[in-house]
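Enquirer: What follows is each chain in one-letter form.
Protein chains: 2
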Amino acid sequence: MSAAATPSFPHIVVVGAGFAGLNFCQKFPTDRARITVIDRQNHHLFQPLLYQVATAGLSAVDIAQPVRAILNNQANLEVLMAEVTAIDLAAKKVRHTAGELSYDYLVLGLGGVTSYFGHDEWAQFAPGLKSLDDALKIRRTILLAFERAETEADETRRQELMTIVVIGGGPTGVELAGAFAELTRTVLNQDFDRIDPTKARVLLIEGGPRVLGAFPPDLSASGQRQLERLGVEVRTGVHVTAIRQGELDAGGETIRAANIIWGAGIAAHPLTRTLGVELDQAGRVKILPDLSVPGYPDVFALGDMTVLTDAKGRVVPGLCPAAMQMGGHAAQVIGGEIAGGNHSPAQRAAYAYIDKGSMATIGRSSAVAVVGRLHFSGYPAWLAWLGIHLIFLIGFRNKISVLMQWTYSYLTYKRGARVITGMSGEKSAGSA
Amino acid sequence: MSAAATPSFPHIVVVGAGFAGLNFCQKFPTDRARITVIDRQNHHLFQPLLYQVATAGLSAVDIAQPVRAILNNQANLEVLMAEVTAIDLAAKKVRHTAGELSYDYLVLGLGGVTSYFGHDEWAQFAPGLKSLDDALKIRRTILLAFERAETEADETRRQELMTIVVIGGGPTGVELAGAFAELTRTVLNQDFDRIDPTKARVLLIEGGPRVLGAFPPDLSASGQRQLERLGVEVRTGVHVTAIRQGELDAGGETIRAANIIWGAGIAAHPLTRTLGVELDQAGRVKILPDLSVPGYPDVFALGDMTVLTDAKGRVVPGLCPAAMQMGGHAAQVIGGEIAGGNHSPAQRAAYAYIDKGSMATIGRSSAVAVVGRLHFSGYPAWLAWLGIHLIFLIGFRNKISVLMQWTYSYLTYKRGARVITGMSGEKSAGSA
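These protein sequences, in sequence, are chains A and B.
For the first sequence, our numbering gives the first residue as 5, with consecutive numbering after it.
For the second sequence, our numbering gives the first residue as 5, with consecutive numbering after it.
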């Protein structure tokens with residue numbers, strides 16, 4: 005970062021240092037504008053590995069990198085840690101907890117939040133997984149539940165403490181359920197005397213007819229088989245109708261479980277509702293093919309907070325690669341426009357999603373992947389998953405650290421991060 | 005750990021899985037008794053490196069290892085995660101949050117807590133450093149203060165946000181002050197645009213005439229020089245008379261600082277006050293030379309919670325090596341007694357502290373060490389410090405991870421762990 009910014013440069017404000025915002029900054033020609041990146045966290049989070057923090061495989065700092073460190077050497081760029089409180093598209097201003105910014109171009113990468121489909125009261129009983137603090141809370145809850153099971157005399161209560169229910173059979177839910185099955189069967193089983201963690205019950209509940217619904221049916225079937233081999237009970241076509249402290253109603257049955265995790269719904273960041281532009285039901289901004297917000301050619305919205313049918317007629321999926329590509333596309337459009345004088349927005353290039361494939365990991369040597377017409381599952385898919393996540397994990401140190409811990413866990417069936425922190429911050433010592 | 009314990013074995017309850025308790029378990033002959041270790045945390049904490057977590061050098065899980073994992077393979081031993089609420093020496097019972105234990109022998113390694121010398125109200129303004137949560141809180145506070153300084157328009161307020169005061173010139177205070185000076189001058193200085201973190205003020209306040217008062221005077225002087233070379237303002241012979249939100253009174257002056265850390269006092273765990281035995285002013289149990297508690301030959305107290313003049317007439321220092329040695333000594337005494345029938349306590353061997361030297365690190369290539377009559381400072385002392393801490397850090401994975409991160413930091417002047425977590429748990433966004 006350079007301290008002195010040329011004042012005559014246009015000013016671009018980037019809200020959110022997720023995959024979209026960060027990739028925009030990294031792809032933008034640094035000599036054409038000054039950029040201010042604003043995020044309420046001081047770190048970029050590598051969300052695809054968040055489930056590994058929740059399941060004690062990685063430590064929090066392994067998958068987080070300070071935004072300032074990532075954008076350290078970029079000229080004409082400033083990082084601001086503050087929370088955006090209001091965006092005024094007409095006045096071209098962004099208000100935040102430490103002041104206000106005016107912009108020439110605005111790039112929004114607000115991301116998503118956990119959605120309980122109108123049942124916000126479920127949040128306290130079934131935490132979602134969107135932030136490091138969420139992941140650390142889930143890790144603490146599960147590890148504490150097993151500690152309590154060890155001293156619990158009542159057989160029924162002990163089984164409840166050793167029951168983990170994951171709601172939602174998408175990639176997040178599948179990855180969590182698989183990792184919990186592995187944690188209990190190959191890691192915790194070495195630790196306890198009185199309880200047998202291999203008897204822990206891990207349930208995955210999905211409302212649709214199959215898990216991994218965005219994947220081809222044969223991979224859904226393979227994914228379910230791999231989960232069941234790890235010991236996960238998979239229930240598809242089952243809807244959750246109520247969640248209370250330590251129990252939930254699903255498919256007409258009441259299931260008691262000390263550990264309930266919500267992996268079912270994602271909505272756009274609530275700030276989208278204040279923009280006064282057209283949204284879909286999940287609060288996502290309906291953007292134009294050039295990725296700008298309708299009516300505001302100088303405002304771009306990217307990644308999970310948007311919904312778009314791209315130049316080739318495909319709905320762009322809410323995945324990291326799409327967010328990164330959108331960041332790159334917006335950088336090209338804005339950079340070109342500043343360099344070449346103002347174009348008309350109608351002349352801008354339309355974004356087309358490049359599908360390099362998608363994958364979900366289930367556990368040790370277990371995964372599914374689709375690349376074009378090729379479907380992989382099991383060991384080859386898992387190796388591919390490993391390599392791709394290491395390549396995209398930002399920061400040299402993190403890559404080495406993660407690689408080392410994965411090697412260690414693979415060889416020893418242990419997990420280093422099963423440390424309980426933050427207990428003093430918990431309101432109650434109850435089983436939630 | 006084995007699930008079936010022979011019931012005719014005597015039962016030893018070990019309270020606290022610190023250096024003393026853990027070393028007792030590891031040295032005790034496993035075929036002579038069954039052991040129950042109870043700790044309110046699920047992890048053993050490598051306290052000598054806690055300051056590195058507070059200063060963003062290491063991640064929390066690097067210096068913590070689950071107690072169950074450490075004692076995994078030991079026969080006739082059970083680990084219990086619960087908080088001890090009462091100890092009844094007459095009835096030979098330990099009550100805890102999950103029930104009650106009877107013992108034949110009791111081994112207490114309760115450790116210490118931060119002491120504010122009767123000013124407990126200072127705790128909220130100047131946190132101490134005893135647990136992982138303390139360290140994560142200090143890290144969060146400091147990193148947030150610099151983020152706020154970056155957006156602060158008022159020059160005076162900005163300087164306050166960039167002021168760090170460490171109270172107490174013992175090893176902990178010296179290590180913290182040195183690490184903060186390095187953090188600001190060689191790490192954070194690469195991250196910010198508007199503020200210059202090399203202008204951050206780091207103050208070390210010590211009431212006594214010199215820092216590192218337990219070391220020989222020449223090493224105190226060397227330590228102070230090394231601190232000052234890093235940019236720390238050292239004030240000796242200055243007493244803190246009051247601490248309020250964001251400021252303190254010391255030596256007749258009021259110093260405003262957003263970051264105040266208390267490294268001055270340690271007292272024994274408050275449970276010692278409920279035992280009904282003789283204590284010193286800091287609440288430490290005055291134990292007998294065999295390490296048993298006067299009047300209770302079957303109760304041993306070890307480590308920081310005790311005060312003892314040993315067989316050679318020296319006061320045993322409150323250091324890790326002493327705690328580990330005491331654990332080993334108690335294991336030998338109890339193990340021998342069980343094997344050979346009951347001895348009289350008077351016939352037990354007296355403990356003698358083996359002084360292998362002591363050291364304090366100040367920063368990169370800076371440390372002081374004393375080994376017998378040899379005094380080291382600077383680079384040789386630092387290398388020795390590095391090697392010894394790696395040898396004693398428990399757990400293979402942690403050693404590799406710590407070594408890797410130190411190498412990385414040494415070569416790149418970066419620190420990987422400067423990630424702010426736990427903000428949602430903070431009551432206020434104020435500068436404390």
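Please note: incorrect hints may appear among the correct ones.
Covered by chain A, per the in silico footprint, the following chain B stretches (three or more residues, Cβ under 8 Å) [to be verified]: (1) 58-70; (2) 81-90; (3) 191-200.
Since the hints were derived computationally from the structure, they do not count as laboratory data.
None of the values given here were measured: they were computed from a predicted structure.
All residues carry an ideal CB built from backbone N, CA and C; glycine is no exception.
Enquirer: The structure should be examined with respect to each hint, and the outcome stated for every one.
Expert: Now for the hints, and whether the structure bears them out:
1. 58-70: holds (count 7)
2. 81-90: Result for this restraint: holds, n = 5.
3. 191-200: holds (count 5)
The structure agrees with every numbered hint stated previously.
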